[in-house]
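Asks: The chain contents come next:
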Amino acid sequence: MIEGLLTGLYGLMTPMNIGLLMMGCILGTFIGMMPGLGPVTAVSLLIPVVLTMQPASAMVLLASIYYGAMFGGSTASVLINAPGESSSVPTTFDGYPMAKRGEAGRALALCAWGSFVGGTVATLLLMLAAPTLASWALTFQAPEYFALMVLGLTAVAAFTESGGVIKALLMTVVGLMLATVGTDVADGVERYTFGIRDIADGLSFVLLAMAAFALSEAILAALRNEKVSEEAKKAARGDVGSLKLTADDIREVAPTMARSSLLGFVVGVLPGAGATIAAFMSYAVERNIATGKRREEFGKGSRRGVTAPETANNAAAGGAYVPLLTLGIPGSGTTAVILGALVALGVQPGPRLYVDQSAMFWTVVVSMYLGNLILLVINLPLIPYIARTLAIPEQILSPLIAFFCLVGVFLVSFNTFDLWLMIGLCVVCIGLRLLDYPMAPLLLGFVLGKLLEENLRRALLVNDGSFAFMWERPVTALLLAISIACVLAPMAMKLAGRRC
Amino acid sequence: MTRTQGERLAALAILLFSLGYFVLAFGIKAPPSSDDSPFSARSFPLMLGPLGMALSLVLLVRPPEGAPIGAAGFSWGRALGLVGLMVFYALAINRLGFVVTSALFLAGGFWALGERRPMVLALVALGVSLGFWTMFSLLDVKLDWGVFERIWS
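Just so you know, the sequences run in chain order Y and D. For the first sequence, counting from 1, position 323 maps to 323 in our numbering; every step adds exactly one. For the second sequence, counting from 1, position 77 maps to 1077 in our numbering; every step adds exactly one.
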């Protein structure tokens, strides 16, 4: 492990990687701070840029953007009660009341320290868990891989934040359908290309990610026509108060950080769960175990209430890297985009990644440690200045985001067909998003589609076309049983809720 | 359009999409070598099509309840303006070149969304597009000037 860390340190310590790490942390904070724009948008916007890089550098940039955007989301939650993304929603419950009583700086410092502890603990646990999980997964064969991917897809659908399970499953299936467009690798025949040469190699992941997240977000922002609030203008003036914590603050929140880090990591590791569930769960746990006066403070500016979700969501972001790097199964929309970028860079995800690309793995781990430190040491003091982005009017911001998407997609291929396709997909995605169809399962289905088909093909070929492998192989059967439970549990709970 | 109608329309659209996908799957020509194989290029699409149809049918028959999609408060003109400008971008990029198309797109986008200050419209749009052009030129990525290049030469 020490050898791995040294390898990672050696890989990271190039001017390029350090520069990317710092840029990612700051840029991610900027983007994450803007209401409506979260880590998934931030990561999507950067995909065209990373496609020109070495995989390790690309992962360093994407990981730091991810963390930075999580950090930025908490800032908007505290200062203007407008979380950049859903995992920062519980932060508003106590962060905003603290800001209203003139303690914005203190709340932001609690968020930053919570994020730092959560992120660091999660990285430490990632470092410990990944090798064990990867070596176990190396014994997997095609049926187990197939079942694992089914689990990843159904879990994300089951834990979806909007729309409901059926819609999420449907989006997963549509994503899988889109993944079949192009030339079938095994048989060498074209499918659903309608003779169009531009899609003979399949649909571009970059343009689908852009259309589903960043570009449709820009158009939806224009549609909603939200003005910059007075609170945002006030926050943009940079008057947040002291960013220091007292010894009493640290004593108060230290146990919360420890509990939320562990809880966040465990939830983050589970496919499909992720940062939002971790943040809400840790907030609920802290509120439930609090007694007397401390309990009454929740919702009115509790220090523990601010710290818990921020610690947990960063720990979950670190935890989500465990299945991503060891099994090739992303647990959320953001990690699905990162996985898609890895595939586009020619890196085969899965347990072999830890063996074949161990230098990259360790570089990413070390960059996570350093990235969390950068967020604390550099970004926190810069918050009064970064907060000025809160005053960027939407009429400037939306066209700029749309422009970045257009340029990003065009520069990958210099082909206007990709622009037309992205615009068309974006219009469809806007319609679906207005009706609460979740986009993360769509992208996850698209990213995992080819691998899922390939492993199903291999499993069936080995078993002479029989589907019996699904119940005859214990691990496969267990994983598929959990998948079915994932789909049925939310439906059963809904049904039970109606009867009560 | 009410929420329920919107839900039904979306479910119907996906149902038709899945149906089309399923029907077209029969037309996928697997090579003769895969005749005896239990899994060919059309097998996976033949599984996905019915799955998509079944799920969209559930949503069509029992559309989920939800809050109204807020059509009253939406600025459709602004959103359509931005989409129209994206179409312009795709049409013009090879003709007018990167800098001019980008500057026009940005200035048009700012204007369509309500920005009226001439200095912001001109300076931000030109600054961003020229900034990008310079950055990519430094990275040896050639972004041409379309018809202007021919006029100059």
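I should point out that these hints are in silico values taken from the structure, not numbers from a laboratory. Virtual Cβ for every residue (Gly too), placed ideally from N, Cα, C. Misleading hints may appear alongside valid ones.
Here are the in silico distance ranges between beta carbons for each label pair [unchecked claim]: (1) Y:F417 <-> D:A1122: 30 to 38 Å; (2) D:L1138 <-> Y:V185: 57 to 65 Å; (3) D:A1054 <-> Y:P15: 53 to 61 Å; (4) Y:P15 <-> D:L1126: 26 to 34 Å; (5) D:S1075 <-> Y:I392: 58 to 66 Å; (6) Y:I2 <-> D:L1012: 26 to 34 Å; (7) Y:R224 <-> D:P1032: 53 to 61 Å; (8) D:M1001 <-> Y:V355: 22 to 30 Å; (9) Y:T246 <-> D:L1126: 47 to 55 Å; (10) Y:P381 <-> D:L1138: 28 to 36 Å; (11) D:L1046 <-> Y:I396: 45 to 53 Å; (12) D:S1075 <-> Y:A391: 34 to 42 Å; (13) Y:I2 <-> D:S1075: 53 to 61 Å; (14) Y:A485 <-> D:V1058: 28 to 36 Å.
Asks: Against this structure, judge whether each hint is valid.
Replies: Each hint tested on the structure:
{"no.": "1", "hint": "Y:F417 <-> D:A1122: 30 to 38 Å", "in the structure": "32 Å, holds"}
{"no.": "2", "hint": "D:L1138 <-> Y:V185: 57 to 65 Å", "in the structure": "38 Å, violated"}
{"no.": "3", "hint": "D:A1054 <-> Y:P15: 53 to 61 Å", "in the structure": "54 Å, holds"}
{"no.": "4", "hint": "Y:P15 <-> D:L1126: 26 to 34 Å", "in the structure": "32 Å, holds"}
{"no.": "5", "hint": "D:S1075 <-> Y:I392: 58 to 66 Å", "in the structure": "18 Å, violated"}
{"no.": "6", "hint": "Y:I2 <-> D:L1012: 26 to 34 Å", "in the structure": "60 Å, violated"}
{"no.": "7", "hint": "Y:R224 <-> D:P1032: 53 to 61 Å", "in the structure": "55 Å, holds"}
{"no.": "8", "hint": "D:M1001 <-> Y:V355: 22 to 30 Å", "in the structure": "54 Å, violated"}
{"no.": "9", "hint": "Y:T246 <-> D:L1126: 47 to 55 Å", "in the structure": "49 Å, holds"}
{"no.": "10", "hint": "Y:P381 <-> D:L1138: 28 to 36 Å", "in the structure": "31 Å, holds"}
{"no.": "11", "hint": "D:L1046 <-> Y:I396: 45 to 53 Å", "in the structure": "49 Å, holds"}
{"no.": "12", "hint": "D:S1075 <-> Y:A391: 34 to 42 Å", "in the structure": "21 Å, violated"}
{"no.": "13", "hint": "Y:I2 <-> D:S1075: 53 to 61 Å", "in the structure": "58 Å, holds"}
{"no.": "14", "hint": "Y:A485 <-> D:V1058: 28 to 36 Å", "in the structure": "19 Å, violated"}
Comparing the model with each earlier hint shows violations of hints 2, 5, 6, 8, 12, 14; every other hint is respected.
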